[in-house]
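So the protein lines, in turn, are chains A and B. Numbering-wise, UniProt numbering puts 116 at position 116 of the first sequence, and it's gapless, one number per residue. Numbering-wise, UniProt numbering puts 350 at position 350 of the second sequence, and it's gapless, one number per residue.
Read the hints as simulated data drawn from the structure, not as lab findings. Wrong hints could be hidden among the right ones.
Which copy is meant is left open, so a pair is good if it fits within one copy or across any two.
Claimed, not checked - In the DSBU-like style, the derived pairs of lysine-lysine whose C-alpha atoms are separated by at most 35 Å in a straight line are:
#	residue 1	residue 2
1	K304	K134
2	K98	K287
3	K421	K130
4	K4	K94
5	K262	K188
6	K304	K507
7	K21	K304
8	K285	K98
9	K98	K548
10	K4	K18
11	K147	K304
12	K134	K262
13	K552	K147
14	K570	K147
15	K21	K464
16	K548	K94
17	K94	K188
18	K193	K98
19	K21	K570
20	K397	K116
21	K164	K397
22	K552	K188
23	K4	K262
24	K591	K552
25	K507	K552
26	K374	K193
A quick note: this is a predicted structure, and the numbers were derived from the prediction, not measured.
2 protein chains.
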Amino acid sequence: MSPKITTELLKQLRQVMKNPKHVQEPVQAYIVPSGDAHQSEYIAPCDCRRAFISGFDGSAGTAIITEQHAAMWTDGRYFLQAAQQMDNNWTLMKMGLKDTPTQEDWLVSVLPEGSKVGVDPFIIPADQWKRMSKVLRSAGHDLVPVKENLIDTIWTDCPQRPCKPLIMLDLSYTGVSWRDKIVALRSKMAERKVMWFVVTALDEVAWLFNLRGSDVEYNPVFFAYAVIGMNTIRLFIDGDRMTDPAVREHLQLDSTLEPEFKIQVMPYGSILSELQAVGAGLSPKEKVWLSDKASYALTEAIPKAYRYLTPYTPICIAKAVKNASETEGMRRAHIKDAVALCELFNWLEKEVPKGTVTEIIAADKAEEFRSQQKDFVELSFATISSTGPNGAIIHYKPVPETNRTLSVNEIYLLDSGAQYKDGTTDVTRTMHFGTPSAYEKECFTYVLKGHIAVSAAIFPNGTKGHLLDSFARSALWDCGLDYLHGTGHGVGSFLNVHEGPCGISYKTFADEPLEAGMIVSDEPGYYEDGSFGIRIENVVLVIPAETKYNFKNRGSLTFEPLTLVPIQTKMIDVNLLTQKECNWVNDYHQKCREVVGAELERQGRHEALRWLIRETEPLVRVQ
Amino acid sequence: MSPKITTELLKQLRQVMKNPKHVQEPVQAYIVPSGDAHQSEYIAPCDCRRAFISGFDGSAGTAIITEQHAAMWTDGRYFLQAAQQMDNNWTLMKMGLKDTPTQEDWLVSVLPEGSKVGVDPFIIPADQWKRMSKVLRSAGHDLVPVKENLIDTIWTDCPQRPCKPLIMLDLSYTGVSWRDKIVALRSKMAERKVMWFVVTALDEVAWLFNLRGSDVEYNPVFFAYAVIGMNTIRLFIDGDRMTDPAVREHLQLDSTLEPEFKIQVMPYGSILSELQAVGAGLSPKEKVWLSDKASYALTEAIPKAYRYLTPYTPICIAKAVKNASETEGMRRAHIKDAVALCELFNWLEKEVPKGTVTEIIAADKAEEFRSQQKDFVELSFATISSTGPNGAIIHYKPVPETNRTLSVNEIYLLDSGAQYKDGTTDVTRTMHFGTPSAYEKECFTYVLKGHIAVSAAIFPNGTKGHLLDSFARSALWDCGLDYLHGTGHGVGSFLNVHEGPCGISYKTFADEPLEAGMIVSDEPGYYEDGSFGIRIENVVLVIPAETKYNFKNRGSLTFEPLTLVPIQTKMIDVNLLTQKECNWVNDYHQKCREVVGAELERQGRHEALRWLIRETEPLVRVQ
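Pulled out of the complex, with its shape left as it was, chain A reads as follows:
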C-alpha cells in the first residue's frame, strides 16, 4: 500500500474553507466524519469523503483539517492501515491510547482564539454535535454548520449517489404489510403523545415499506427518508424508482386509499425544507420523534421544545423482533447457507493439500457456492478469509498484498455471510486441514465452551444481552485468556447484518432487553498475534425456555441456533468438555445432519452430504 498524495487536495480544501462562495464566514477547521446522512455503518462510494481527502479507507475514522494541520482519529483496528495509506501531511491520532487528545481538546490546543470549526450538519449526528459544540464554546470557539459539503466542492470525479431499482417483499417474506406497520407505528406514537415520526436510518425506511435496494454494498437498502404523521406518510426518494409500476402497485400509489395511508412521494433532497415546514407549523404539545443519532441538520429543523429524542426508535425495536414469516425465512436462508458451506469445506478439504488455494480463492469459492442457492442476492459483508497469522487480525479482509495460501499446517478462519431474499446469514468456522496442535485444540475448546455457554444459557425475560457476555469468556478467563471484542450483535432479516437495539457485549449498557423473536450472533474467539485466530459464530434466535419453576411469572428465554454448519470436531479436546457440553455438540450436529442433510439430498449434492455425515459423527467423552 502506498500512501495517497494529498498536498494539492488539502491546499484546495483550505481555499474553500475561506471562500465566501462556499462558507458564510471562513472556518479555521473543517471536520470530515466517516458516516453518511443516515449514520450508516456501511456507506456508498459517494459518501467516502474522509477516504477521498486522506487516502485512509478503514470503516471508522474522523479527519480534521485546519490551516496548519491535518489529523486523523481512528481506533486500534486501523492504526497500521491508516499509517500506510496516509502521506505525511497527516498526523495519526491513535484513539484509545492514553496520550491521544480527543478531537475537541486537540482543536482547542491548536486553534487561534475565537475560531470557527465547520462541519456538514447532515453528516454529524445531533448527540455528537452537542458534545463537541459544548467543549468548543467553553474554550471560546464555535462549531458552525457548513451547508455545502466542502469535500464535495473539490471532489471533481465524485461518483454519483446510487439510485438502483427497488426490490419488493411480499407478505410471505415480511409477515406484516407496510400498512399494518404504519398502524403499529402510529399507535406507538400515540402512546408517547407524539404527532410525527422521522425515519432517518436507511434500514428503518426499507423495513417500514417492505422494500429493499442495493444502493450500499452488502446492505440491501436505498437512499430515502420518511416522515410519518398521524394522518400523512411522506417518502423522500429520488430517481425514476417510483415510476416502476410494480413499486407503484406495492405502495398503492395509484389506488384510492384512505387519506392516512396515501404515500406522498417527494424528492430525497427536500427532506430538510419539508421538515422545517413541519417544525414551523407545530402547535404546543405536538412533539416530533427522532433518533438521538439523527443528523444535526434534521434535528435542528424541529424547535428544541418539540423534539422527542430516543436512542432507539420504535421501528428499530419492532424490526428487531422477527415475526413467524421472518423467522421461517431466516431458517430457510441458514439452511441454504449451510449447504453452500458444506460444499465449500468439502472442496477445501480436497484442494488445500495441493497448496493452490489462497484466502481470496477460498472467499470467492464461498461466494460461488452461495450464489447457487435460491433467492441469493449478495454477500452480507466482506468475507473474512484468513489463515495462520492473518486469522489474528479480527477485521481482516484478504487483499493481494496479504493473500496467504491455505495449508495443512495452519488454522483457517472463515467469517462470511450472505443476503438472501428470505434472510441474512453470518457464520464463522475455524478449521484445520491437517493436524492441529494440542495448544490449538485447547484454545479452540475454550472458545467452544464459551459459545455453548451463551447458546445454552437460560435467562429471565427482560434480561439485557450484555449480562450474558461473561458466560462466553468464563472458560477462557479460567486459563488467563480472553478476546477483545463483543460476543454478539443483532442481525437483520434480509437487512443489515449488524443492527440494534440488542447484542451481547460488555461494552454497552444501553441495549434493549432480549425478547423472543430477536436474532443475535454468538461469536466468542481467541486470537494469538502472529500465530492464529479462532472464532466460532452462530446466528441464534431468542426463544421461550421451559424451566422447572417460574419466578414471579416472568418466564424464561434461551437461544436456538439458526446456523447449522458443523463445528470441526478435529479441533475439539473432548476431555475439556463437560458431559452437558458434549451433549450440546452432539445434539447440534444431529440437527445439522438431519436438516441440512435433507436439503443436500434434495439438491443432489451427494459428496457434500457425505462430508456432512463424516463431520457430524458424535463425540465420545472418556469419563
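Start from chain A and add chain B according to the hints.
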C-alpha cells in the same frame, strides 16, 4: 404501627414556606430529601427530617409539600411501611410502577404557573439539582435554594447534631499515615491539574485523617469536611474534639511542621463561606475537584468554569484498595466474627427446639457474642434476623410487632456484622434447625452454586464487578429462579459496610474495575414471598490469580473469602453440586476449621469448637 398525625406540622410548614423571615420569596412547594449534607446512606437523628414531617422512617424516600398536597416517593421495599406510617394527609408515590409520575413531572402537573420550588441546597446533591431544575425551568417554574432548612424551623425538639469523641487509628491499623495519604492525594490532584480537593463524604474525611467517630449509628464517622490545597489542609469540625490532647498529637496540631502539612481547624459551619472564598480567589486554570454527588450548595460555591467533578473521588478509589495492614486487620476481624457466630449457632441449635428464641433474642445474642471479642466497637448495620416468611423481606429488621419465634420447622436467615477497630464484617447464613424440605435444599443449593461461581471466578485485571453478576444467577436462571437485588457491595475497613466505587451488580455500569486489595461482598439469594428467604454471604478479598496462560500480560484476579463461617451442609443437596463445587465447599470448611478452630481453642470456647468441627465435615458426592 399507627400513622403519625401530621396535620398540624404540615400547616406550620406551609406557613414558613410563605414567611419572609425564612424564605426570600414564598415557595409553592418544598422538597424534603432523605439525606444529610454529606450524602450519607445512614444518617443521624437530627437529619431525619423527612421522617419527622411524614412519619415514614424507611431508609429511602423524598417528601414534597405544596399548598394543597403532601406526597412521598419511595421504592418497592417500603410501600407497605410508608402506607402504615403516614396519615391521610399524604399521597404515596410508588416508584418503579409504570403510572407513578417522577417528582418533577408531578410538580409540573400540580403547581400554578411560575411557581418556586424550594429545597435545602446542602441536602440536595448537585447532579440531582441539575436534573430537577432543568425540567422545572422548561415548564416555567424555578427550583430555588432555601438557605434555612424549613423543617428545622418547625422541629422544636430536634435532637442536637452529635459531636462524639474521636478514635485515633495508628499505623498498625491503617498502614499509611494521614501525611502520606495527603501526599498521595496531592499527586493525584497534580495529575489532573487541580489545585483544590473538597472532601465531602464522611467516610472519606475519616479515612484521610485516620480518625473514626460515632456520630452516625453503625458507621464509625464524624461530622466534618476537609478542603485540601496543594499547600494547605483545612479541617471543618465542631465541638471540643480538637482539644483532646491525643487528637492534637495524632494530627500534630501543636508540632512544628512544614506549612503544607499544618492542619487548620475551622468550625464545621464555616465550610460554605471558606469555599466561597476559595472560589473567589481562583486564577484561570485553577480547578477545584468535587464529587458530582456533593451538595448543590458546595458545588455552587465554585464558579462553573473552575469545577472538576467526578463520580468517584481519588479518596474513594484509594480507600477501596486495602493495604497489607488493613487486609490483615480485616482477616483478624473476620476470625473474631466467626468465633462469635460459631457460639451463636451452637447456642441456637440447643435453644431453638425449646421454642423460646425470637428473632430479636437471636439478634441480641449475636451482638452479645460479638461484643465479647477484642476491639469490638458496634454493629455495622441493623441485624436482619428473620425466620420463615420474614426471611423473604429482603431488608427486614425484627421489631416487636413482627417478631417471630424460631422453630425447627422454618428456615432462619441471619444477616449481621460488626465494626471492630481492625475491620468491618458483614455475613449472612441461612440455617435450618430441623429437617429442611427437598425444595428448600434445592433452592439453597442453587444459591450456593451462585455464591461459589462468583467466589471462585477468575477474571482479567481491569474487569468491572458488574460483569460477574450473572455468574451468581446462572444456576437459579437454569431453573427459572432469580433474586431481585445486586450480588455484592464494597466493604470499608472499620468504615461503612457499604462503600464505592466497586460492587457486583447488574444495575450499574459505572463501577470502577476490580483490583487486588478491594473487598466486596458475595451474596446471592432466593426469596419466596410468604414462605422463606435464603442468602449466603461472604465478604471476599480481590487477590491475584495464578493462571496457565497470561493473555496480553494483563494478569488475572480472583477472590479469597475473608468470612470463615460454616455453610450449613444440612441445607445442601450434594448431588446438585459439581465435583469442583463440592471441593470448593470442602476446602472452605477445612479453612474455617483450621483458622477459626485455632481461635476458638485459644479463647477456650470448646463447645463452639465442637460445633465447628461437626459443621465442617466434608461433603461426599455420590457419582
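Against the structure, the hints come out as follows:
1. K304 to K134: both (16 Å within a copy, 13 Å between copies)
2. K98 to K287: Close across copies (21 Å), not inside one copy (42 Å); limit 35 Å.
3. K421 to K130: For K421 and K130, the Cα distance exceeds 35 Å both inside one copy (39 Å) and across copies (50 Å).
4. K4 to K94: Cα proximity of K4 and K94: one copy only (19 Å, versus 62 Å across).
5. K262 to K188: Classified as within; 20 Å inside a copy, 64 Å across copies.
6. K304 to K507: both (30 Å within a copy, 31 Å between copies)
7. K21 to K304: within (30 Å within a copy, 40 Å between copies)
8. K285 to K98: between (46 Å within a copy, 22 Å between copies)
9. K98 to K548: For K98 and K548, only the inter-copy Cα distance (29 Å) is at most 35 Å; the intra-copy one is 50 Å.
10. K4 to K18: within (24 Å within a copy, 72 Å between copies)
11. K147 to K304: Answer is both: 20 Å inside a copy and 33 Å across each meet the 35 Å cutoff.
12. K134 to K262: This pair counts as neither: shortest intra-copy Cα distance 42 Å, inter-copy 40 Å.
13. K552 to K147: neither (55 Å within a copy, 46 Å between copies)
14. K570 to K147: Result: close neither inside a copy nor across copies, 59 Å intra and 75 Å inter.
15. K21 to K464: neither (51 Å within a copy, 53 Å between copies)
16. K548 to K94: Between. Shortest inter-copy distance 32 Å satisfies the 35 Å Cα cut-off; intra-copy 51 Å does not.
17. K94 to K188: Between copies only: 25 Å across chains, 42 Å inside a chain, cut-off 35 Å.
18. K193 to K98: between (45 Å within a copy, 16 Å between copies)
19. K21 to K570: For K21 and K570, neither the intra-copy (66 Å) nor the inter-copy (85 Å) Cα distance is at most 35 Å.
20. K397 to K116: Answer is neither; intra-copy 39 Å and inter-copy 62 Å both fail.
21. K164 to K397: within (26 Å within a copy, 69 Å between copies)
22. K552 to K188: within (27 Å within a copy, 48 Å between copies)
23. K4 to K262: neither (50 Å within a copy, 62 Å between copies)
24. K591 to K552: within (34 Å within a copy, 38 Å between copies)
25. K507 to K552: both (29 Å within a copy, 19 Å between copies)
26. K374 to K193: Neither. Shortest intra-copy (44 Å) and inter-copy (64 Å) distances fail the 35 Å Cα cut-off.
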